[in-house]
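Trainee: Given these sequences and hints, build the entire structure.
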Amino acid sequence: MRNQSTLLQKIRYMTMITWISFLISPDTALASTAQDIAAASDGLVWESQGALVSRATKEGEFVPGFEHAVTKVLRVCDAAELVEYPFHYLGQKQIYHIPAEKVNLLLLRQAYVENWLKDHVPALIPTGTEYNAAIRILFDYIVNNYTYDFDAPYDFSVSHDSQGAYRILLTGQGICSGYSKLFRGMVEYLPFNAQGVVDYETNDPFHLSVALVSWTDGVIGHEWNAILDPFDHVWYHYDLSETVVDPEGVPRFRLLDITSLKDRCHGFSSEHIYEY
206 MRNQSTLLQK
216 IRYMTMITWI
226 SFLISPDTAL
236 ASTAQDIAAA
246 SDGLVWESQG
256 ALVSRATKEG
266 EFVPGFEHAV
276 TKVLRVCDAA
286 ELVEYPFHYL
296 GQKQIYHIPA
306 EKVNLLLLRQ
316 AYVENWLKDH
326 VPALIPTGTE
336 YNAAIRILFD
346 YIVNNYTYDF
356 DAPYDFSVSH
366 DSQGAYRILL
376 TGQGICSGYS
386 KLFRGMVEYL
396 PFNAQGVVDY
406 ETNDPFHLSV
416 ALVSWTDGVI
426 GHEWNAILDP
436 FDHVWYHYDL
446 SETVVDPEGV
456 PRFRLLDITS
466 LKDRCHGFSS
476 EHIYEY
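So for the sequence shown, my numbering puts the first residue at 206; every next one is plus one.
There could be a bad hint or two in this list.
Ranges between beta-carbon positions, derived for each pair [to be verified]:
(1) S475 <-> L433: 14 to 22 Å
(2) Q400 <-> Y481: 20 to 28 Å
(3) P304 <-> T332: 38 to 46 Å
(4) A328 <-> L433: 23 to 31 Å
(5) S414 <-> H325: 33 to 41 Å
(6) E453 <-> D356: 36 to 44 Å
(7) G333 <-> K298: 56 to 64 Å
(8) G426 <-> H325: 27 to 35 Å
(9) Q299 <-> T332: 47 to 55 Å
DSS-like mimics (lysine-lysine), calculated; alpha carbons at most 30 Å apart, straight line [stated by the list, open to error]:
(10) K263 <-> K298
(11) K323 <-> K298
(12) K323 <-> K307
(13) K263 <-> K277
(14) K323 <-> K263
(15) K277 <-> K298
(16) K307 <-> K263
Everything labelled a hint here was simulated from the structure, so no lab data went into it.
We treat Cβ as the ideally placed atom computed from N, Cα and C, and that holds for glycine.
Mentor: Here it is, written out as structure tokens:
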């Protein structure tokens, strides 16, 4: 029954993917472009007719640089959603070439999540909400409405597909990186006035800075969020997926030092990697 259930879940998932792809056609006007990703890579890749081509010829140079550029531009996506980074050889050099259709996959997913944010966030966070209260509402909304996908880490394709916010919205399930991307998108969507209050009509809004924080130790990896407080200028940590997995545990909301939890998910502060 477990295998049959998994098969049915995959069939339903692929059906939803097809349906969403139909609703968001390749001709949809997108806010971000391949050129934006190339520009964010600081010369690591260049854009060619919607494709992205590497200047770096070593995996250790290309992969982290490309992934950083994607998460910098597409705030709710992850380059790992592509599963693989195709390459070919030019002489003795390994040249990565991300085809336009793969780049467009990420762009369409970003557009899908952005549309979702427009439809849902203003209803959750009305004008006049103070910034800490707004963060709390969004944190609780995600924790209470999405479940952890314990099977995803054991399925190579699904694990990669779950790295961004798109799949967690589509299926209602996610893993740590999907939770962190969705939370980042929701928080960064909010416009604040100078007093730190949500104001959708303000002419000069500011948006909170939300980082993706990751830590790895061999095969163990984890991702969560840190938000820069606009008034005391301190980064505070928020871990949604661990809150979902362990709702009765130590609160993982607005932690100054997440290593105080003394668990294997967060490691040491000096080893944390921040993606702003």
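Trainee: Now, for every hint given, state plainly whether the structure supports it.
Mentor: Cross-check of the supplied hints:
| no. | hint | verdict |
| --- | --- | --- |
| 1 | S475 <-> L433: 14 to 22 Å | 19 Å, holds |
| 2 | Q400 <-> Y481: 20 to 28 Å | 24 Å, holds |
| 3 | P304 <-> T332: 38 to 46 Å | 43 Å, holds |
| 4 | A328 <-> L433: 23 to 31 Å | 26 Å, holds |
| 5 | S414 <-> H325: 33 to 41 Å | 22 Å, violated |
| 6 | E453 <-> D356: 36 to 44 Å | 23 Å, violated |
| 7 | G333 <-> K298: 56 to 64 Å | 57 Å, holds |
| 8 | G426 <-> H325: 27 to 35 Å | 29 Å, holds |
| 9 | Q299 <-> T332: 47 to 55 Å | 52 Å, holds |
| 10 | K263 <-> K298 | 8 Å, holds |
| 11 | K323 <-> K298 | 44 Å, violated |
| 12 | K323 <-> K307 | 25 Å, holds |
| 13 | K263 <-> K277 | 21 Å, holds |
| 14 | K323 <-> K263 | 40 Å, violated |
| 15 | K277 <-> K298 | 27 Å, holds |
| 16 | K307 <-> K263 | 21 Å, holds |
In summary, the numbered hints that this structure violates are 5, 6, 11, 14.
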